[in-house]
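Asks: Construct the complete structure from the given sequences, taking the supplied hints into account.
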Amino acid sequence: MDCADVEKALLDGRKPAGPELHAHLAGCDSCRFLCEDGGPVARALAGSAPPDRTDLAALEQRLADDVAADRGIVGALRALPRPARFGLVAVLIGLEVLFFYGLMRRGDMDVYPAARMAAILAAYGLLALAAAWVAFRPLHLPPSPAWVPRALVAIGLFLPVAIALLPEVPTTAFKPGYSVAVLAFKCFSHGGALAAAVIFAARALDRAGHGGAIPAALAAIAGGAAGVLALQLECPINHSIHLLTGHATVPAGMLLIYSLGRKL
Amino acid sequence: MRSDEELMLSYVKGDQAAFRELFQRYAPILLRMLLRNVGRAADAQDLTQQTFLQLHRARHDFRRDTRLRPWIMTIALNLARDLLRRRGRRPELEIDEEVLAAPAAASPAANVDDRARVRRALAELPTEQREVIELHWFEELPFNDIAAMLGCSPGAVRVRAHRGYVNLRKTLGNVVPSDQDDEPAAGDR
Chain D
158 MDCADVEKAL LDGRKPAGPE LHAHLAGCDS CRFLCEDGGP VARALAGSAP
208 PDRTDLAALE QRLADDVAAD RGIVGALRAL PRPARFGLVA VLIGLEVLFF
258 YGLMRRGDMD VYPAARMAAI LAAYGLLALA AAWVAFRPLH LPPSPAWVPR
308 ALVAIGLFLP VAIALLPEVP TTAFKPGYSV AVLAFKCFSH GGALAAAVIF
358 AARALDRAGH GGAIPAALAA IAGGAAGVLA LQLECPINHS IHLLTGHATV
408 PAGMLLIYSL GRKL
Chain B
16 MRSDEELMLS YVKGDQAAFR ELFQRYAPIL LRMLLRNVGR AADAQDLTQQ
66 TFLQLHRARH DFRRDTRLRP WIMTIALNLA RDLLRRRGRR PELEIDEEVL
116 AAPAAASPAA NVDDRARVRR ALAELPTEQR EVIELHWFEE LPFNDIAAML
166 GCSPGAVRVR AHRGYVNLRK TLGNVVPSDQ DDEPAAGDR
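These protein sequence lines map, in sequence, to chains D and B. Going from the first sequence to this note's numbering is simple: count from 1 and add 157. Going from the second sequence to this note's numbering is simple: count from 1 and add 15.
Wrong hints could be hidden among the right ones.
Unchecked claim - Just the calculated beta-carbon pair ranges, DEER-fashion:
{"#": "1", "chain 1": "B", "residue 1": "Gly103", "chain 2": "D", "residue 2": "Ile414", "range": "21 to 27 Å"}
{"#": "2", "chain 1": "D", "residue 1": "Ala225", "chain 2": "B", "residue 2": "Glu21", "range": "23 to 29 Å"}
{"#": "3", "chain 1": "D", "residue 1": "Ala276", "chain 2": "B", "residue 2": "Lys28", "range": "45 to 51 Å"}
What the hints assert, rightly or not - A partial selection of chain D residues facing chain B, derived with a Cβ cut-off under 7 Å:
{"#": "4", "residue": "Asp222"}
{"#": "5", "residue": "Ala236"}
{"#": "6", "residue": "Leu296"}
{"#": "7", "residue": "Arg364"}
Stated by the list, open to error - Here are some of the chain D residues that sit facing chain B, going by a computed Cβ distance under 7 Å:
{"#": "8", "residue": "Leu213"}
{"#": "9", "residue": "Glu217"}
{"#": "10", "residue": "Gln218"}
{"#": "11", "residue": "Arg219"}
{"#": "12", "residue": "Ile230"}
{"#": "13", "residue": "Val231"}
{"#": "14", "residue": "Gly369"}
For the record, the hints were derived by calculation from the structure and aren't laboratory data. Note that the Cβ used here is the ideal one computed from N, Cα and C, for glycine as well.
Replies: Okay, structure coming up:
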């Protein structure tokens, strides 16, 4: 005897009984409740279903239109398994790193503490990849625990702040004539543009399109982390105030801009 | 008749008719489940459409040893959860004149007011309890499948179901007739 047998018997107005029932009830609290005290609940539930008058043909036609619109390159990319889609974002971030390290490397790279640089790059890189991996979680799997995306968003917002507040590496001074605001805007817009490329890729590869708030927030964090990573390779200014205003604002800005964009 | 899994594998290979057959099989089930979950017919239809679109997008993830029913229902539940999160958690119960006018089913809850109250009581359950009751009671999925769909242990699912039934019993109060009410009156014997 299983749960379905118990429920069917209750619906039929019978009191299930016998050794098989007792064996089942020993391990099934919900059936035990239904048999002892909740039989009326079972029958009430059975009568609760609302009638459905959906036009299935029209619904099928709308679905056929959706599926037809989903073909093409973007549709094919979205249909790729999660590791492949994640790999594409990882390659994009890797190309960004190679480009900035190869062609736009900061002037003080040779004197900047190598271990600190490696640790910062690894932290931003891992954050971007983790956010992309969680954002691409397929809908046919149970959702991640709620704390996972929240923790990634919190880390994405606070990690650049924490790095900005580390003891300063005195390698480069502000050039005379430049204001903090101008430099901050320059780095923010530069990092933001790079972040946007990653966000665009992550959203294009996300199967739910623009529907889910959590994948959207995670894409913004992944993009923001990639943007700050690129700035870390490119920008030689180590002052906390610049890192706070020009670098740490990139993930927060991406999250804010994307959230506002979704609401409009 | 081909199994759900055979149809899905055929669709992965490009058989469009297989997808249409899956739609015919599952659309009514999903509509019913989603309507109970989100409360509004228009939302349930939209989510059903989205579920099949997601099924299409995830077709290459489908493996020969996977069962389709829990797979497609997990997609639908995740989409419903997202909608409820955007809407502020609770399912909305639509006041549908046609529903109220529909002939009552032969059941103790057949009275339309009672049916509405049962639906409202279900809607007021915490999401994790409501989902388990929906899937176990209405969709007849075993606890092990539900556990796999929700990402928790079968034991935890049983506990949620039990708590849900107890809460329903408390909330419904006098809507549900007691067992004694079902017994024929002495004079009728």
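Asks: All the hints need checking, so say for each whether the structure fits it.
Replies: To see whether the hints hold, each was checked on the structure:
1. B:Gly103 to D:Ile414: 21 to 27 Å: For B:Gly103 and D:Ile414 the Cβ distance comes to about 24 Å; the hint holds.
2. D:Ala225 to B:Glu21: 23 to 29 Å: holds (24 Å)
3. D:Ala276 to B:Lys28: 45 to 51 Å: holds (48 Å)
4. Asp222: Violated - the Cβ of D:Asp222 stays beyond 7 Å from chain B, reaching only about 10 Å at its closest.
5. Ala236: This hint holds: D:Ala236 lies near chain B, its Cβ roughly 5 Å from the closest one there, short of 7 Å.
6. Leu296: holds (5 Å)
7. Arg364: Given a least distance of 4 Å, the restraint on D:Arg364 holds.
8. Leu213: holds (6 Å)
9. Glu217: Cβ of D:Glu217 sits 6 Å from chain B, so the hint holds.
10. Gln218: At 10 Å from the nearest chain B Cβ, D:Gln218 fails the 7 Å test, so the hint is violated.
11. Arg219: It holds, given that the least Cβ distance between D:Arg219 and chain B is near 6 Å, below 7 Å.
12. Ile230: D:Ile230 check fails; min Cβ-Cβ to chain B is 14 Å, beyond 7 Å.
13. Val231: violated (11 Å)
14. Gly369: holds (6 Å)
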